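2 protein chains.
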Amino acid sequence: MKIGIVGGTGDIGEGMAMRLSPQFDVIVGSREKEKAEATCEFGIEALKKRGQKCSLTGVSNQAAVDSADIVILAIPFKHLLGTLETLHGFEGKIVISPVNPMEKRDFFTFVPPQEGSAALLLKKLLPPTAKICTAFNSIAANRWKLLDEELDYSVPVCSDDAEAKQQVIGIVNRISKLHAFDAGPLAASYLVESLTPLLLNIARYNKMKDVGIQFH
Amino acid sequence: MKIGIVGGTGDIGEGMAMRLSPQFDVIVGSREKEKAEATCEFGIEALKKRGQKCSLTGVSNQAAVDSADIVILAIPFKHLLGTLETLHGFEGKIVISPVNPMEKRDFFTFVPPQEGSAALLLKKLLPPTAKICTAFNSIAANRWKLLDEELDYSVPVCSDDAEAKQQVIGIVNRISKLHAFDAGPLAASYLVESLTPLLLNIARYNKMKDVGIQFH
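Read top to bottom, the protein sequences are chains B and Y. Convert by adding 5 to the 1-based position in the first sequence; the result is the number in my numbering. Convert by adding 5 to the 1-based position in the second sequence; the result is the number in my numbering.
Source of the hints: derived by calculation from the structure; they are not laboratory data. A couple of the hints might just be wrong.
To be verified - Derived, one-sided and incomplete: chain B residues facing chain Y with beta-carbon distance under 8 Å:
| id | residue |
| --- | --- |
| 1 | Asp111 |
| 2 | Phe112 |
| 3 | Phe115 |
| 4 | Pro161 |
| 5 | Phe186 |
| 6 | Ala188 |
| 7 | Ala193 |
| 8 | Val197 |
| 9 | Leu203 |
| 10 | Asn206 |
| 11 | Val216 |
| 12 | Gly217 |
| 13 | Gln219 |
Predicted model only: the values in this text are computed from it and were never measured. We put the CB at the ideal spot given by N, CA and C, even for glycine.
So here's chain B without its partners, still in its complex pose (with noise of 0.2 Å):
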């Protein structure tokens, strides 16, 4: 199965290339191709280090999405509208949102577009054949980069499609500690959304660092 991640060389995208790349193939996408390459043969090294094999390949975000089965859009809320703008091709697509619209202002504040959340808004964006998946949204950019620490997290997902979600949740519970639960429809990510400020909250508040979530 290939994954390919839109923003793969950013904060969250990084770690999480690393982290999916021993399990899955990973097309690690990027406005600058070159820079998506150098992300890749860091991690490669990276993971050989660690006696890890991995797949790995960097490319245009566009090649990224066309060459992958699976999406996923690491990318901050602020750019998503604007680099949906720049791609296509996503019929058809499993494409995973880990956006979560958000501002720190006093305190870290939940800021949905109009839509209700991000997941919503990527349903107006993208083709009605894309089945959109929210999951990965409340784990730290510095922890999918900790590659020698376990992710010991739950990850809400939530779909309207229930195969695209059972998949999901195939891919989330293969990575570390990670534990998947099924968190509802599309509509509900709202409620996971607005879980990421409050964690920064929590970490700003508590001095802590790199908050996650567990349910139990």
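Following the hints, complete the assembly by docking chain Y onto the known chain B.
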């Protein structure tokens, strides 16, 4: 320290009273004093069986407010306004809101009042000297009641009053294995209140019971 529970015979209030009473003087309030007395009798018996001393007194909701230093509003959101209209005397008291404005539609949905959260609605309804704190929002009624099981959850606490917040954090940390976290000012409460519909969705779609949360 005297803790009064408005709605202390309700689903959440009853278990809360039993969990708090070995540590604090708990004043259980109810619309009907007799019901509060019966709940206390039951609670005292249940704790006695477990070799735990306790202090539980059943009174009216108004008497619970009057005699307590700290008041917990253990009432569903839909009864919040109606209940507060019948009560007075919150001046200078710490008022804890575990209230979550939500509805069961296709899935559990966060339905805040126009103020943005139950906590900010309370700020409007209560006298300005009341020190409102958001806490205990995401612990299921059943978990409160299962006295033989530890409550091993994280509890986000919001308030604009730093001293009151620290006092509430102290109270939370004395109950079972609860772990309080400062979640910011009162205006950030909507992020805490909207956790509960998320957890109810997680429970529903994964066939789980009484899902709680841990930050780490």
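Going through the hints against the structure:
1. Asp111: 7 Å, holds
2. Phe112: Hint on Phe112/B: holds, closest Cβ of chain Y at ~4 Å, below 8 Å.
3. Phe115: Status holds, d = 7 Å.
4. Pro161: 6 Å, holds
5. Phe186: 5 Å, holds
6. Ala188: 5 Å, holds
7. Ala193: OK, holds: Ala193/B within 8 Å of chain Y, min 5 Å.
8. Val197: Holds, because the Cβ-Cβ distance from Val197/B to chain Y comes to roughly 7 Å (cut-off 8 Å).
9. Leu203: 4 Å, holds
10. Asn206: 5 Å, holds
11. Val216: Holds. Min distance 5 Å.
12. Gly217: 6 Å, holds
13. Gln219: This hint holds: Gln219/B lies near chain Y, its Cβ roughly 5 Å from the closest one there, short of 8 Å.
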